[in-house]
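Protein chains in written order, with our numbering: chain C, 1 to 243; chain E, 1 to 243.
Hints are computed from structural coordinates only; laboratory data are not their basis. Don't take each hint at face value.
[Claimed, not checked] Only part of the chain E face toward chain C is listed, based on derived beta-carbon distances under 7 Å: (1) Leu12; (2) Ala15; (3) Leu19; (4) Ser23; (5) Asp154; (6) Lys155; (7) Ile158; (8) Ser169; (9) Ser181; (10) Lys191; (11) Asn203; (12) Ser206.
[Unchecked claim] Calculated pairs, SDA-like style, for lysine to any residue (alpha carbon to alpha carbon, straight line, at most 20 Å): (13) C:Lys155 / E:Asn24; (14) C:Lys155 / E:Met212; (15) C:Lys155 / E:Lys155.
Each residue gets a CB set at the ideal place from its N, CA and C atoms; glycine is no exception.
There are 2 protein chains.
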Amino acid sequence: MSNNKPALHTCLSPALLHLYEVSNSIVVIIDVLRATSTIATALYNGAKAVIPVDSVAKCIEIGRQIEGITAGERDGLIAEGLTYGNSPFEYPREFVAGKMLVLTTTNGTRLLHMALEKGAKEIITGSFPNLSAVCDHLAAANQHVILGCAAWRDKVNIEDMLFAGAVISRIKKHFNVNCDSSHIAETIYDKAKKDLFGFMKKNDASHYHRLMNYNLEKDIRYCLAEDGANVLPLYEEGKLLLK
Amino acid sequence: MSNNKPALHTCLSPALLHLYEVSNSIVVIIDVLRATSTIATALYNGAKAVIPVDSVAKCIEIGRQIEGITAGERDGLIAEGLTYGNSPFEYPREFVAGKMLVLTTTNGTRLLHMALEKGAKEIITGSFPNLSAVCDHLAAANQHVILGCAAWRDKVNIEDMLFAGAVISRIKKHFNVNCDSSHIAETIYDKAKKDLFGFMKKNDASHYHRLMNYNLEKDIRYCLAEDGANVLPLYEEGKLLLK
Numbered sequence: 001m002s003n004n005k006p007a008l009h010t011c012l013s014p015a016l017l018h019l020y021e022v023s024n025s026i027v028v029i030i031d032v033l034r035a036t037s038t039i040a041t042a043l044y045n046g047a048k049a050v051i052p053v054d055s056v057a058k059c060i061e062i063g064r065q066i067e068g069i070t071a072g073e074r075d076g077l078i079a080e081g082l083t084y085g086n087s088p089f090e091y092p093r094e095f096v097a098g099k100m101l102v103l104t105t106t107n108g109t110r111l112l113h114m115a116l117e118k119g120a121k122e123i124i125t126g127s128f129p130n131l132s133a134v135c136d137h138l139a140a141a142n143q144h145v146i147l148g149c150a151a152w153r154d155k156v157n158i159e160d161m162l163f164a165g166a167v168i169s170r171i172k173k174h175f176n177v178n179c180d181s182s183h184i185a186e187t188i189y190d191k192a193k194k195d196l197f198g199f200m201k202k203n204d205a206s207h208y209h210r211l212m213n214y215n216l217e218k219d220i221r222y223c224l225a226e227d228g229a230n231v232l233p234l235y236e237e238g239k240l241l242l243k
Numbered sequence: 001m002s003n004n005k006p007a008l009h010t011c012l013s014p015a016l017l018h019l020y021e022v023s024n025s026i027v028v029i030i031d032v033l034r035a036t037s038t039i040a041t042a043l044y045n046g047a048k049a050v051i052p053v054d055s056v057a058k059c060i061e062i063g064r065q066i067e068g069i070t071a072g073e074r075d076g077l078i079a080e081g082l083t084y085g086n087s088p089f090e091y092p093r094e095f096v097a098g099k100m101l102v103l104t105t106t107n108g109t110r111l112l113h114m115a116l117e118k119g120a121k122e123i124i125t126g127s128f129p130n131l132s133a134v135c136d137h138l139a140a141a142n143q144h145v146i147l148g149c150a151a152w153r154d155k156v157n158i159e160d161m162l163f164a165g166a167v168i169s170r171i172k173k174h175f176n177v178n179c180d181s182s183h184i185a186e187t188i189y190d191k192a193k194k195d196l197f198g199f200m201k202k203n204d205a206s207h208y209h210r211l212m213n214y215n216l217e218k219d220i221r222y223c224l225a226e227d228g229a230n231v232l233p234l235y236e237e238g239k240l241l242l243k
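Only chain C is shown next, with the shape it has when bound in the complex (with noise of 0.2 Å):
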C-alpha cells in the first residue's frame, strides 16, 4: 500500500520552510548554482570537510581558527575579506585534499541553518554533481524527505526546481508524493532533462544571466552535468561530510 511508503514534499522556497514537517524529515538543501555543487566537489576531491557559516565574519573567524580555506560569495562574487569563491573550479584534488573548507553563500548555507533550527532529522547537500549519491540515499533510508530549494534571496529559482524534478522523477516510486510543487517540479524537469543548459537559456533564468554575466559558463554547465563529483555530504555536528 502507498500509505506506507514515507512522504516527499519540495520547498521552493527558505520561506516556505515553515510549512513543512521538518523535525521528521531528510532535509536535502540545494543550492545548484553553485553552493552545493561546490560542496559536493571539494568532498569529492578529498577536502576533510565543509564548515557552512551563515556570515562572512564567522567564516573569517573559524578559518583562522582551524587554519582552514576561507570561502564563499556575496551574490555570485568572492565576498570582501574571504580568499576563495564559490566555484567548484577552485578546489580541485591538488589544492583542497586533506584541507577544511569555510564556506559562506547567499542562500544554501542560510537555508541549512534554518533546516538545523527546525531540527531535522538528517541535513544531506544534493546538486546534479551528486545526484545519484542523493538518490540512492534517500531511497533506501525509508524516511520522510523534504527537498530544500535555496532559491535566490527567497524567490524561487528555475535551476534548484529543476535538481528536485530530478530526484523526484528517480525516486518517486519509493514514496508518496502529495505536493503539487513536486509534480510541478518533476514536470519541468522532464521537459527540461534533454538539455538543462539549453533550457535555463531559453527561459531566461535569473541565475543564469548573473553567472553568464561573470563569464561563468563553465560553471553552470558543470553543475548541470550528473555525477561529477558523486558523493554524498552528511551535516554532522557542524561539518559536512562524507557519507
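Could you slot chain E onto chain C? The hints should help.
Just chain E, lined up with the frame of chain C:
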C-alpha cells in the same frame, strides 16, 4: 526597447508576497479553485458587488448590515454560519442579479487583504472564466504587474500557477519578465494547455483531489475553462465591482 516596458512577476504563494514591490503594481489575485472563478461568475451574472472579507464573523456581520448573501468556505466546504458556499454554480443570474455577495474563502480573500495592506496600486481578480478580460486590461495598462497566486495555506499549487502561465503566454510581449517563477508558470501552462483537467488529474493536484472527494468535478471543469464569465472585477473601497 524592452527596458521601457513595465515588469511582470509571479508570486507563487502569499508567504512570498513581501519579496515583490506591491505598492507600485497592479496585483491580480488568483484563486482558480474556486474564489476568483466564483467572483467573476457572480459579477457576470449581475451581482451588484462582491465584498471579500477575511473572516466568517465579519461575513455574517456585514451580510446582516447590507442584507447581502453571506457566502464562503473553509477547507472547501460551506463555512458554518454562512448560507452559501464557494461554487460558481450557486450564483446563477436568477439568484444573484442585483444582490450583494459577502464572500470569505480560505486563501483568495486573505491574499487580497494582504495586497491591500501592502498598498497595491490596483487589485483585480483573475481566473480562467475571465482570462481574456484580465489579459486585455493588463496589456493596455502599461503598469507593473504581480500575478498573485493564492495557493493553499501558503503551499504552492498547480492550478493558480497554470492561470499565471496562461496570462503570461498571452501578454508577455508587453512586459519585461525577469522572473523565474513566471518562466516556470509559462512552461507548465504550455505543457498542460491542451487538457488542463487531464493535467490536474495526471499530476495528482492536491486541490483536484480535495474537490473530487466532494463530487465537484463539474466545478473543476468550469473553473478551468476560458472566458465563461468574461468580466473584470476591480477592487474599490471594500468591494469588487465591474470595471
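Each hint tested on the structure:
1. The closest approach between the C-beta of Leu12 of chain E and any C-beta of chain C is roughly 6 Å, which is under the 7 Å cut-off, so the hint is satisfied.
2. A hinted interface residue such as Ala15 of chain E counts as satisfied when its beta carbon comes closer than 7 Å to some beta carbon of chain C; here the least separation is about 6 Å, so the hint holds.
3. Taken as an interface hint, Leu19 of chain E checks out: its beta carbon lies about 6 Å from the nearest beta carbon of chain C, inside 7 Å.
4. Because the beta carbon of Ser23 of chain E sits about 18 Å from the nearest beta carbon in chain C, more than 7 Å, this interface hint is broken.
5. Proximity of Asp154 of chain E to chain C holds as hinted, the smallest CB-CB distance being about 6 Å (cut-off 7 Å).
6. Because the closest C-beta pair between Lys155 of chain E and chain C is about 6 Å apart, less than 7 Å, the hint holds.
7. For Ile158 of chain E, the interface hint holds, the least distance from its beta-carbon to any beta-carbon of chain C being 5 Å, beneath 7 Å.
8. Against a cut-off of 7 Å between C-beta atoms, the interface hint on Ser169 of chain E is violated, since the closest Cβ of chain C lies about 13 Å away.
9. For Ser181 of chain E, the shortest C-beta to C-beta distance to chain C is roughly 5 Å, which falls under 7 Å, so the interface hint holds.
10. Because the smallest distance between the Cβ of Lys191 of chain E and any Cβ of chain C comes to about 6 Å, under 7 Å, the interface hint for this residue holds.
11. Against a cut-off of 7 Å between C-beta atoms, the interface hint on Asn203 of chain E holds, since the closest Cβ of chain C lies about 4 Å away.
12. Interface hint status for Ser206 of chain E: upheld, as the beta-carbon distance to the closest one in chain C is roughly 5 Å, under 7 Å.
13. Only pairs whose Cα atoms come within 20 Å are accepted, and Lys155 of chain C paired with Asn24 of chain E is accepted, the gap being roughly 19 Å.
14. The hinted pair formed by Lys155 of chain C and Met212 of chain E fails the criterion: a straight-line CA distance of about 32 Å is larger than 20 Å.
15. Among the hinted pairs, Lys155 of chain C with Lys155 of chain E is consistent with the structure: their alpha-carbon atoms are about 14 Å apart, no more than 20 Å.
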